[in-house]
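There are 2 protein chains.
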Amino acid sequence: MSNSPVQTAVDGPLRSLRVLELGHFIAAPFCTRLLADQGADVIKVEPPGGDPARDWGRKVNGHSVMWSMHNRNKRCVTLDLKDEAERPKVEALIRWADVLVENFRPGQLERWNLGVDALHAWNPRLIVARISGYGQDGPYRDRASFGAVGEAFGGVRYLTGYPQGVTDLPPVRTGVSLGDDVAALYAAMGVLAAVHERDVLGTGKGRVIDVALYEGVFSLLEGALPEYASCDVVRRPAGSAMPTSVPSDTYKATDGWLVIAGNSDAIYRRLCGIIGRPDMAADARLATNAGRLAHRAEVDAAIAAWVATMPAAEAERILNDQAVPATRAFTVADCVADPHYQARGMVVDVDDPLIGPTRHAGVVPRFDESGPTGRIAWPGPAVGQHNDEIFTEILAGRPAPRKANP
Amino acid sequence: MSNSPVQTAVDGPLRSLRVLELGHFIAAPFCTRLLADQGADVIKVEPPGGDPARDWGRKVNGHSVMWSMHNRNKRCVTLDLKDEAERPKVEALIRWADVLVENFRPGQLERWNLGVDALHAWNPRLIVARISGYGQDGPYRDRASFGAVGEAFGGVRYLTGYPQGVTDLPPVRTGVSLGDDVAALYAAMGVLAAVHERDVLGTGKGRVIDVALYEGVFSLLEGALPEYASCDVVRRPAGSAMPTSVPSDTYKATDGWLVIAGNSDAIYRRLCGIIGRPDMAADARLATNAGRLAHRAEVDAAIAAWVATMPAAEAERILNDQAVPATRAFTVADCVADPHYQARGMVVDVDDPLIGPTRHAGVVPRFDESGPTGRIAWPGPAVGQHNDEIFTEILAGRPAPRKANP
Chain A
1 MSNSPVQTAV DGPLRSLRVL ELGHFIAAPF CTRLLADQGA DVIKVEPPGG
51 DPARDWGRKV NGHSVMWSMH NRNKRCVTLD LKDEAERPKV EALIRWADVL
101 VENFRPGQLE RWNLGVDALH AWNPRLIVAR ISGYGQDGPY RDRASFGAVG
151 EAFGGVRYLT GYPQGVTDLP PVRTGVSLGD DVAALYAAMG VLAAVHERDV
201 LGTGKGRVID VALYEGVFSL LEGALPEYAS CDVVRRPAGS AMPTSVPSDT
251 YKATDGWLVI AGNSDAIYRR LCGIIGRPDM AADARLATNA GRLAHRAEVD
301 AAIAAWVATM PAAEAERILN DQAVPATRAF TVADCVADPH YQARGMVVDV
351 DDPLIGPTRH AGVVPRFDES GPTGRIAWPG PAVGQHNDEI FTEILAGRPA
401 PRKANP
Chain R
1 MSNSPVQTAV DGPLRSLRVL ELGHFIAAPF CTRLLADQGA DVIKVEPPGG
51 DPARDWGRKV NGHSVMWSMH NRNKRCVTLD LKDEAERPKV EALIRWADVL
101 VENFRPGQLE RWNLGVDALH AWNPRLIVAR ISGYGQDGPY RDRASFGAVG
151 EAFGGVRYLT GYPQGVTDLP PVRTGVSLGD DVAALYAAMG VLAAVHERDV
201 LGTGKGRVID VALYEGVFSL LEGALPEYAS CDVVRRPAGS AMPTSVPSDT
251 YKATDGWLVI AGNSDAIYRR LCGIIGRPDM AADARLATNA GRLAHRAEVD
301 AAIAAWVATM PAAEAERILN DQAVPATRAF TVADCVADPH YQARGMVVDV
351 DDPLIGPTRH AGVVPRFDES GPTGRIAWPG PAVGQHNDEI FTEILAGRPA
401 PRKANP
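Those sequence lines, one after another, are chains A and R. In terms of the numbering used here, the first sequence has 2 at position 2, counting the first letter as 1, and numbering is strictly consecutive. In terms of the numbering used here, the second sequence has 282 at position 282, counting the first letter as 1, and numbering is strictly consecutive.
The set of hints was computed from the structure by calculation and includes no laboratory data. Bear in mind that the values here come from a model prediction, so they are computed numbers and not experimental data. Check each hint, because a few of them may be wrong.
Remember, identical chains collapse to one label, so a pair may be satisfied in a single copy or spanning two.
[To be verified] Only pairs whose alpha carbons sit at most 20 Å apart, straight line, appear in this in silico SDA-like list of lysine to any residue:
1. Lys82 x Gly115
2. Lys89 x His120
3. Lys89 x His340
4. Lys89 x Ala305
5. Lys59 x Gly291
6. Lys59 x Met242
7. Lys59 x Ala301
8. Lys59 x Val234
9. Lys59 x Lys205
10. Lys205 x Arg87
11. Lys205 x Pro311
12. Lys205 x Asp11
13. Lys89 x Pro106
14. Lys82 x Glu110
15. Lys252 x Thr167
16. Lys82 x Gly291
17. Lys89 x Trp112
18. Lys205 x Ser16
19. Lys82 x Arg317
20. Lys82 x Arg105
21. Lys252 x Asp279
22. Lys59 x Ala294
23. Lys252 x Ala238
24. Lys205 x Pro372
25. Lys252 x Gly239
26. Lys59 x Ser245
Using the sequences provided together with the hints, build the complete structure.
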């Protein structure tokens, strides 16, 4: 399936960056996974019972399959952060790290006497990324939150539905943990910006980064806020269609959905030829996007009539052959079967000691081969798998270098 | 509305990082906006007629309102990259830059004799981030693409719908340019990882980063790929509900949608008390998530019956008062009116010379005040606004430092 099987050494542009994760569930672990994939040395701290995410999703041999990918390339240790007797280990880890990433409720680290001042007393160079639902201050900082709530409070969930009157169904999830994932990406970017300031500009100081789930998704709303402020327009749900461009929508083929993005004048004219409607290519009313917006129903009906006559894969092939952007809505099975995924190394065979042979998504983004590139060195470890290796070294003041996956 | 009005100096942890954008539409411009927000000095190159995105969305005084936010904190110059006579300007900009971010179709830079080898001959330290629909290689690299196609090919669009049989409506857009935005975040992270390698590890070499829209969204699919590989399970659309947790869904109040994430045993029991169903809190069948998954319809019906009796804001208040994560699905108008957004500086007054007073989303993520923080220094510039300032300085071999917004 792939020419990139599991390797025995972590490498990549972030080799040498030391990251400590005090995280659970999705956001902080995904942030550190992104850094680990690019070569950072990540130590993940779990309570003795393990991160609750070890129970998520399907299992094989009693182990979560998602875990294999979600926590790959990390080393896992267990530690009871409430237990004062464990403090020497905590201190050693904090002194070891360049970066700490955490996603407890605001105030939780402080209740364990691990607030930013305490951390910086041990290690003033420590960069601290704090991910939470509502952020570290503001009136709602103490509110419980989850990704779904962050997405809805941040303004995205309102938009994942149909215009009023089309259906009584609620707006949908995006099918992924969008709020957590976007926060994780922002945290990874913020961490590396702070590394730049500390090590390239040479301030030597560890900054604190405050990532709120809702603010990540809110920042993706593009023109919605300035258009509300300047034009008094509230962005409304638009279903499957692009509200500002025609044609760009999802159409029903005989066996599934086809997405067509025909949103330029030239693409539109090619599309009209393909669907046997040269009259629409010549129609002056429809020559520009503004005209097509005014006649959306007419344009979409003509496209829908053509798509409805054939399987989605056939329409996809015909359209792409004439440079009209189009694709089936891929299932994960379609992704695995697709030659482009295979050629790009996006589906990687992994032999996981906990669950056996499985597959992971490749490392994103891809770096060129002029230097070390990130890779899948090992899958998500067992609970406490690296306790001996790490605590022995770190408590002795040694750097605890990574070995091949034990 | 905010205590963070427009400032007259760009600052932040990335001050001193020089970024050249050869971009258009969403992905590359959003990537460089993220870097500019954190203090990077971004020069955006447009063709003489301007980036086509200047025509997107609502306008005031003939200027796009979205542009104000989408290209803030940058300096804008015009340059015809096809024109050999302009080559000295191009070369001066490449020599000036630390980083280049581009999102042309693969092969386009090469057709202009601006392939990576040519760029590195001028500036071997240049980091090059290339964003495209399908990536720089593989069988589909030459296919036309747009965000909607990347999202569908990457496996997310299939999931933004309802299970088969619930509705004939197609899966929805997420309401934002998800594929472009996620690619932009990955590119920003990749750029800063390459800066780390070049300047902290000291390789001195500019790496090339290949970001494909579809790979960004594919990487968010969590357990979907390993679960397909290990358990032969294809992830299917699940509508508004979290497929692995009960209760976590969207419910209809008298005036709009309410999202409740009651997905822990303790939260579930508190929720049962609030909705007047202590019997459900005591029901052994429903004590664990596994049990609630098996009786999802029963649990959801009881919650829905309670939510249906009152306005969403009232249910939101009652639930949050008892630490049950819940929120209305916020419109952008709700965001602007909310005290938490105001306290966090997420809605910022901006006086834009092109469109007048407007508002922008704040800088994400937030840095602490122990050093310079990113801010909104000026809104998206006019076409060619900084031509004289930049070309005069750069062609003379001077660094063209940023001034206050002219």
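Hints, verified against the model:
| no. | hint | in the structure |
| --- | --- | --- |
| 1 | Lys82 x Gly115 | within (13 Å within a copy, 55 Å between copies) |
| 2 | Lys89 x His120 | within (16 Å within a copy, 46 Å between copies) |
| 3 | Lys89 x His340 | neither (46 Å within a copy, 37 Å between copies) |
| 4 | Lys89 x Ala305 | neither (66 Å within a copy, 50 Å between copies) |
| 5 | Lys59 x Gly291 | between (53 Å within a copy, 17 Å between copies) |
| 6 | Lys59 x Met242 | between (38 Å within a copy, 18 Å between copies) |
| 7 | Lys59 x Ala301 | neither (45 Å within a copy, 29 Å between copies) |
| 8 | Lys59 x Val234 | between (44 Å within a copy, 15 Å between copies) |
| 9 | Lys59 x Lys205 | neither (43 Å within a copy, 43 Å between copies) |
| 10 | Lys205 x Arg87 | neither (24 Å within a copy, 41 Å between copies) |
| 11 | Lys205 x Pro311 | neither (59 Å within a copy, 48 Å between copies) |
| 12 | Lys205 x Asp11 | between (26 Å within a copy, 17 Å between copies) |
| 13 | Lys89 x Pro106 | neither (23 Å within a copy, 50 Å between copies) |
| 14 | Lys82 x Glu110 | within (11 Å within a copy, 58 Å between copies) |
| 15 | Lys252 x Thr167 | both (18 Å within a copy, 13 Å between copies) |
| 16 | Lys82 x Gly291 | neither (64 Å within a copy, 31 Å between copies) |
| 17 | Lys89 x Trp112 | within (14 Å within a copy, 57 Å between copies) |
| 18 | Lys205 x Ser16 | both (18 Å within a copy, 17 Å between copies) |
| 19 | Lys82 x Arg317 | neither (59 Å within a copy, 32 Å between copies) |
| 20 | Lys82 x Arg105 | within (15 Å within a copy, 53 Å between copies) |
| 21 | Lys252 x Asp279 | neither (23 Å within a copy, 45 Å between copies) |
| 22 | Lys59 x Ala294 | between (51 Å within a copy, 17 Å between copies) |
| 23 | Lys252 x Ala238 | both (17 Å within a copy, 19 Å between copies) |
| 24 | Lys205 x Pro372 | between (28 Å within a copy, 12 Å between copies) |
| 25 | Lys252 x Gly239 | both (14 Å within a copy, 18 Å between copies) |
| 26 | Lys59 x Ser245 | between (43 Å within a copy, 15 Å between copies) |
In this structure, the earlier hints numbered 3, 4, 7, 9, 10, 11, 13, 16, 19, 21 are contradicted, and the remaining ones agree with it.
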